[in-house]
Structures are given as structure tokens and as C-alpha cells.
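Novice: Below are the chains, spelled out letter by letter.
Protein chains: 2
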Amino acid sequence: MSFTIAAHAAAQAYGYPLLIKQLLHTTLTQASQQEIVYADRFRYTYADFYQRVQRLAQALTTLGVGMGDTVAVMDWDSHRYLESYFAVPMMGSVLFNVNVRLSEDQIIYTMNHARPKVLLVNAEFLPVFNDIRAQLESVEHVILLNDGAPQDAAALGMAGEYEALLAASPAQFDFPDFDEHTRATTFYTTGTTGLPKGVFFSHRQLVLHTLSAALGLASNPEHGRLHREDVYMPITPMFHVHAWGIPYIATLLGIKQVYPGRYLPESLLNLIAQEKVTFSQCVPTILHMLLTHPRAKEIDLTGLKMVIGGSALTEGLAHTALARGMDVFVGYGMSETCPIMSLSRLTREQLTQDAAAQIPLRIKTGQAIPLVDLRIVDDNMADLPHNGSRTGEVVARAPWLTQGYLHNPAASDELWAGGYLHTNDIGMMDERGVLQITDRLKDVIKTGGEWISSLELESLLTRHPAVSECAVIAIPDAKWGERPLALVVLKPEQQASADELRAHLRDFAEQGHISRWAVPEHIRFVDALARTSVGKLNKRALREQFVQQSQG
Amino acid sequence: MSFTIAAHAAAQAYGYPLLIKQLLHTTLTQASQQEIVYADRFRYTYADFYQRVQRLAQALTTLGVGMGDTVAVMDWDSHRYLESYFAVPMMGSVLFNVNVRLSEDQIIYTMNHARPKVLLVNAEFLPVFNDIRAQLESVEHVILLNDGAPQDAAALGMAGEYEALLAASPAQFDFPDFDEHTRATTFYTTGTTGLPKGVFFSHRQLVLHTLSAALGLASNPEHGRLHREDVYMPITPMFHVHAWGIPYIATLLGIKQVYPGRYLPESLLNLIAQEKVTFSQCVPTILHMLLTHPRAKEIDLTGLKMVIGGSALTEGLAHTALARGMDVFVGYGMSETCPIMSLSRLTREQLTQDAAAQIPLRIKTGQAIPLVDLRIVDDNMADLPHNGSRTGEVVARAPWLTQGYLHNPAASDELWAGGYLHTNDIGMMDERGVLQITDRLKDVIKTGGEWISSLELESLLTRHPAVSECAVIAIPDAKWGERPLALVVLKPEQQASADELRAHLRDFAEQGHISRWAVPEHIRFVDALARTSVGKLNKRALREQFVQQSQG
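So the protein lines, in turn, are chains A and B.
With positions in the first sequence counted from 1, the corresponding number in the numbering used here is that position plus 30.
With positions in the second sequence counted from 1, the corresponding number in the numbering used here is that position plus 30.
Hints listed in this document are in silico derivations from the structure and should not be mistaken for laboratory results.
Please note: incorrect hints may appear among the correct ones.
If you want the footprint, here are the derived chain B segments under chain A, 3+ residues with CB under 8 Å [to be verified]:
#1 52 to 60
#2 159 to 169
#3 456 to 463
Some but not every residue of chain A turned toward chain B, in silico, with C-beta under 7 Å [to be verified]:
#4 Gly45
#5 Gln60
#6 Ala398
Chain A stretches covered by chain B per the calculated footprint, using a threshold of three residues with CB under 8 Å from any CB of chain B [unchecked claim]:
#7 402 to 410
#8 418 to 432
#9 454 to 462
Backbone N, C-alpha and C fix where the C-beta goes; we use that ideal spot for every residue, glycine too.
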């Protein structure tokens, strides 16, 4: 294809394609003795890390992996995963991060769609693997990742055990220069339709996301600021949008990194304390789980910087985190956007204000990071005013957004209609460019011709002391078109009636925070809320469950 | 040329070429009301700035400037210069920053080499301009930049006065997308041989330098750290390597910027105090000038972050700056490197040490910024150990190094011999990647941040009838960094005093062949000059012999 050859020629002429390997120059020269930690199992240096990256590339080459081949990984967060983040793309191959929380059917579908040649699988997933193995069409070799008792990989029909294969491979690999548009990673999103859709990112895109997101984090005057002497630990899975790309950022800055393995609240809290973690990231559900765990009381969380994403950070949860001295703030993005597009941030003046004043700023969707062209548009793609109240669809351009969905031109065209990536989020922007997502395009409630924000109702309901969590969905209404239905989980030992909750919301309506007609007449108390594999509220499942009931 | 078309196609496919205009998205959305200040003459907002950038593009278009045309600027540091930093490249044209400190001959040479179609010239340079005007081969239109009494631009044979042209142009310009490899800027370096050599940078290169240098500065834990609430003022000229690229960084981060006009110590100090400047940059000569000025005693310089580059920062000067509470540290680069390649930095632990311990670290050449592949090599391009003592040539790759010298393939090939840019600096690196430049391979003299060509001085001196041969070497100078020392062998039976030789050189300076400040105060008469085995002047031996004497 002439484009590829020409782009390669250009890269040669300018001498420096944007490749993932280039992220390592300064780190290996300046921070070779910095640590990378795998839970309580293993710790080594960046110098050792690079030796193992080279061994892994050699081992994969021996198994026949070359330019353009795909290598799949099923693992918890580990140093091995970080090694594959670098070794696989640096060989010119494609890293496929398998979402291990999907159903077996979905994993089979994504594997046969991405067509990996080699699969690295953690021994803990052997039951799943053995169930699906016969249906994997492309996998030629399997490598066993094992933290437990030794296993005979050959007897399992595998190419070998990861550590044994690395030990048998020389710690030398001449990672080549190639076209920066070469595909580096792929993974699947289960966001909006039944079948998972593959997104994919090039070397150039990952390098540019790394630089811009790092700059977005580092250039904060004080709070939420990432720097070279931080200690980083992800608490969003490495299979999920490269753990938001932050492992690449941490590696570029030569930061100490901690990989926690499987997410067990007590282990996570112990690692934060023992390894002196100062920078992390998670979804609200995980933050809630950490803060309510008994072990949390014994640990000093003061100054722990935590990016919250995946779903809206509620005021109540932000308040609890701030009371513990944590520095929580929101990041915004999605699988299609690599993911970071915006970060909430406070000025130094705003940081002098009390928690009540800070929380509304910290839970905002935030301000775009460098190079992100983020717009709020109407149905004709015309820009809406940045006045903090006018809502429209959020569309974006940035150098690192997925070019489309893998082998799915129709969905790709829809994603990029009009030359901008459509987030399907509804939001508004103020005169300082602060974005606030108010709803999903496909999860909004339209009543009597007016929009109701389900997110806002959820946020206000969780401020009631008896409410643990809630979800608001639309149900059909003969008179108004749609009306909100609030599904509420109460805290253990707490009581509240539907009337009390409505009175709670009417107070906010009287203060002008919401419209009076937004107060839902339908409130149901449930034991739990359906969630997706990554912990987000599964509104589609909730609608399927409760809309039928309400109609039945 | 097929390469250009294909690269353009790639840019389209991925939807986001790296263009200078993309640096403005977040700033115009988030910091539109932030200030840009021009000395004590003018202040306006980023929103206004962008209006004027559009007007300037319109005005230049009206004068016939299009894609690929060159626009030259001769101005002191100003908001107008910043407007041209954006408007000219964003139109697809090339910004040529004219070094106003060159001799008239050199300015004529560079102008006829870069071939600008339009010239923007500050009224203060009219005497120079009128001298050289008749010899400018390519300039079709001249725009007058004027801070003083109104002038009749038409009567001066000019297209108009800058403000009048902007006022007459609509504040609307649709800056197009184009190939990111399009040339954006060019300027000339007088470093190594008699004739100035043009370097040039593409949009992609400037965007990547902006991101990486910003990240290098922002990710410092404490000292030297740049962030969004800083106030920035350059004290290195905007014609000199885009003021080290920091105006682009400051604009990207939406930082308040202050442009001081001509560098007058008292005005600079007053601006620092009045505008609360927190981040700046200069060469050691300027820092010395500022700190020894009487007005400096009355101004609080505490916390002022100052990148020092251009020549070595001495311990004494660093000590004086630290005693005033300033945060000084070294940046390293050159015209060919856009320029930033490394920055000195201290860990938080090192910052707790006293000044005597910090100074050796602050005056080091520093650690490479992200994406810079900086090596110390022997004559065969083999890497030398990073042990803090082994010296070799410093060579580099980075995405933003000049592809070569304009219309000079031979010098370009020499610059990039072996696929790495040769800095012609000799240095060593320690195990933390800290670079220390120890010597220069080639024989040039850097005085007050400007190069003097020893070859040119030698050539002119030997045109004196009494001079047999001569060598010019650099000797250390407390104020200027380095000054030239001319070693002169007279012809037998001939006489000439040092004053006569200086008068001889001043004649050339008055004719515009060399700068006035190139005329050496130090002239010594010797019987013979050390030569190498092949009969070349042995400047290293001469330096060893005479530099020690001059220091003794």
C-alpha cells in the first residue's frame, strides 16, 4: 500500500518516528535503578525490566510472532503485563488486551475477531481458558503466566511457562524503527450495542496520548499533580484502555510503579501503605469499596492523588475521600479515546476554599488536556455557547482517538460522522472550558419535551444519608412520553420511604437545582444494581429488567 | 512530490495532523481572558490575541502571501512577534526570524538565502533597513512595526503600518489543515563557519518540542517547575530559536505572558516586579547584568525560576542568584535542536541540601527531556560508559532536530553523519543520565549568547599588511562567558600595535562585515603558532597554553 511506504519514508527522513520504544530512552538512562513492584511477590528495576522486555520479544519471535501478528494477554495487573505493553508493540506486533470480565461467549467472539497468534494466560483463568480453548480459531501457541505452584505447561498443551521461556531467551533484541502509524494495541468495548467492538491505536497515537496526558497531569499547579517522584499504582485493570494509559506515562517519567495483581480491597490498601503509593486511579465503585473497607481506617490516605473515571463521581463519595485527606478529581474519556480527553482541576485560589466549595469543581468532567479539540454541538454540528448551561453532544478531535472500530466500517463511519468523534455524551461547557457531562445521548429522559438528567437525579439522591447507591432510568409514560424511575439501594440498617426521598429532591427543586417536574413519582427500592464488566451501571440491563416490569 | 501527498493522506485518515494551530484549542477555550503584556505599552487577552492572529493572516494574504511563502520579522520581543509565531505558520507560510544582531552583510546574506516575500520591520531598525534595502532580492512588501511617533509608511515605500493593516483586515481566517511536515519556521545560526547557516523546523517538530519540553519542565517535583499559574517573560530574543520555544509552551498552557521589547536591565527588572514574573530564561551574561544592576537590590526575586542556557553557568553567578532566592538551572540545546534537549534538575532530597551542594547540580548540562535519545560516543559512534568521567562527542536524536541546513546538503550530511545529529560538544554522562559538557569539538567563541566565528576574525586579521598569520581562540570572561583572544604573528620587519589591528577590524565592523562586539579586546603578539602534525592550527594546544595564562 503506497501510503504506508511513503509515511515510512517520511519517518526515515526526519529520523524519528513516534514509536513506543522511544518512551524508554530517558527512563533507561536516568532511572535505571527505579523500582517496579508486583504486589508482594516480586520487585525489580527498570534496567531489569528492559532486560525482560528483550527476552519476551525473543521468546515471542521464537514462537513465530512477527510484524503485524497479534499477541493476546489474559492477566491481572502485573509486571508481566507491563512487559507486554512494551515488548509486543516494540516488535511491530499488536498487543490485544483481553477483557477477562466478559462472558465466555464474548471472549470467544473477541478472540476470533482480533485473531491473536499467541495467547498469554494467567493460571487463574485456566478454567475459562479450558472451556473456550477448542473454539479459539487463530491461537497457535499459549504461554502460561503463573504465580502459584509450578505447572507443567507442556502437559497443558502450552508452549511453555512465561518465566521459563524468558530464562531461555537472550536479553537482547534489536527493536526496529518502522512506520509510526503501525497498529500497537487493540481491545474491545462493550459500551453501546450487543456485540463487543474492537478499537485500536497506533504507536504514534499512544506516544502522543502519553505526552499530552502526562502534561495535562503534570502542569497542574498543585492538586492532582503527577511528577517524577510519585509512586504509581493503577486500580483500573490493565486490560481496560491500557489502564487509562497511565502505565505508559509512569514509565516515560521513570516513576516507581506498583502492580497489585487481582483487586482485593485489603491487599490494595496494604500496598498503598507499604509502597507509599501517591498516585492512583479508579472507578467510583472501587473508591467506595476501598473507603468503606475496615482496613482503610488504619491507613493514612493523606495526599493520595486519585483520578476518578468510568462513571460520575458523586458528591457524597468525593466528600468521604476529601475527609480522608485524599486528592480526588475526575478524568474523562472512553475506550475509543485512548482514553484521556479531560481532567478536572482547581486553581490555587480554589484550593484555599472549603470542601463544600471544592467538591462541585472536583466532580466536574473537567478541562481538555493539550491538543484536544472538544466541542459541544447541536444536531447540525454547530457550536453551542460556553455559558455553563446550554447542553449538546460532546464531540472531539485529538491525535489519539481510535480511527474506527475493527472490521466494522459502518460503526466507524457513525463514530466519526462529520469528522469528529461522537462521544454520545450530552454535556455543557462554561467560559473556562470546564465540561460537565449531564447525560448519555442514549440514556436521557425526555419528559414533556424537556430533558431530565438522570445523572443529576442520581447525584442528588445519593446525598440523602440513607441512600447507598441508585440508578435513574426512563420509563414510558402515556402523558409525558417518558418519566424517570429511581432505583434505590439503601445503606444497611438505614430506612427511608419513597415520600421522604421525594421530599429530599423537592428541597433541591425549590432551591433551583432541578426542575420540579424532574422529581420522580416512581421510586423503587432494590437490593443491588446491575453493573457491566467494568463496574459501570448497566442501564441497558436495568431498563430491560424494570421497564418491562413497569409496563407489565 | 508523492511523499507530501501521501503524508497528507495519512494526516486526513487519522484526522489530526500536528499543526501549530492545534496548540491553541485548549488555551482559547480555557484561558481566553488570560493576559498577554507588551512591556508598559499594551496588554490584552488571549481572545484578543487570536483575533489579531486572524487579522494578521488576512493582511498577509492580501499582500499575496500564501502556502510556502516566507515572511521575515525584525523586531524586539513583542506581542506582535508572538502573533507572527502563530499567524504565519498557521497560514502554511514560513516564519523567518531575522537575527538583528548580525552584521548588515550577514543580514543581507540570510535574507537573500531565505528569500522572504514580506518583511515586518521595527521602526528602530530603519537605519539598518535603509542601508540594506537595495540589496534585498526577494522582499516585495514591507510592514512597519512602530511603537513611537506615527510614521507615514507609504512615504517610506512600505505596504503599511502593522496596526493599520490589522485594523483594515477582518478578524476571521479559516486556518487550513495540511501536512504536518510543512516547514513552519527558519532562522540562521552563525556557529561554525563564516557564512550563517539556515535551520528549519516543521509544524510537527514544533508541536512535539512544545509537548516534550513542557513536560520536561512541568514534571519536576519542585524546583524549576513550570505550571499554568506561572507568569512567563523571555529574556532571550524571540529571533533566537523561537526564544527557546517557551512562548509556544506558555501559549499551550494558557500562561500569562510578558514581552519586554528591547532588553534594558532596568525595564526588565521593573517588569519582573510589576507583572509578578515567576518564570524566565536568559544567557549567563544577561543574568549577570540583571543581578548587578542597582535596581535589582530593590526587587524581590525570591522564587523566580530561570532557565539558563547559551553558555555555561558559572558557580559564582549561580551562587549570587541563589542568594537572591532565585531558582536557577541550566537548559541545553542549540539552534539546530529547536533547541531544548536537556534540563538540569534536583531531586526533592537534593533540594534540602545547602547552596554549596546544590550549585554543582544546578550548573550541570542536565538530563534529557522526554523522547530525546542523547548519547556520548567515541569516534566510531560506539557508546561510552555513563560513569561520570569518560568523555566523548554528544550526539542526539529527537523528533524536533533540524533535518539539515537550508540549501546546504554537504553541511547537512556532516551534521547527521551516522544517523545522529552531531552537537560538536564534548561531554560525559553519569549513571543518572546527567550530562556535563566539557569542551567543544570545533573552534567557535560564544560571547553574551552570540557566536563569533574565529575563522572570520582570522581571515580579516590576515588582511592587515603586517600580519603573517594568526589564531583566534576563546578565553573565559566573567561577564560575557567567553571573549576572543587573537594570537598574532607579524611578518618579519613589520610593525603593528594591538590598537592598529583593532582599528583595522572596526573598519570591517562599520562596513557591516562583522559585529562590533566581535572585535577582540585581547590581542597578543607571538613568535609562532602551535600546529598539528598535518600543519593545521592546533587550537586545543593554543587554548591549553594561553587560556591558562589568561587565567593565571
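Novice: Please name the hints from earlier in the document that this structure breaks, with their numbers sorted from lowest to highest.
Specialist: Those not satisfied come down to hint 2.
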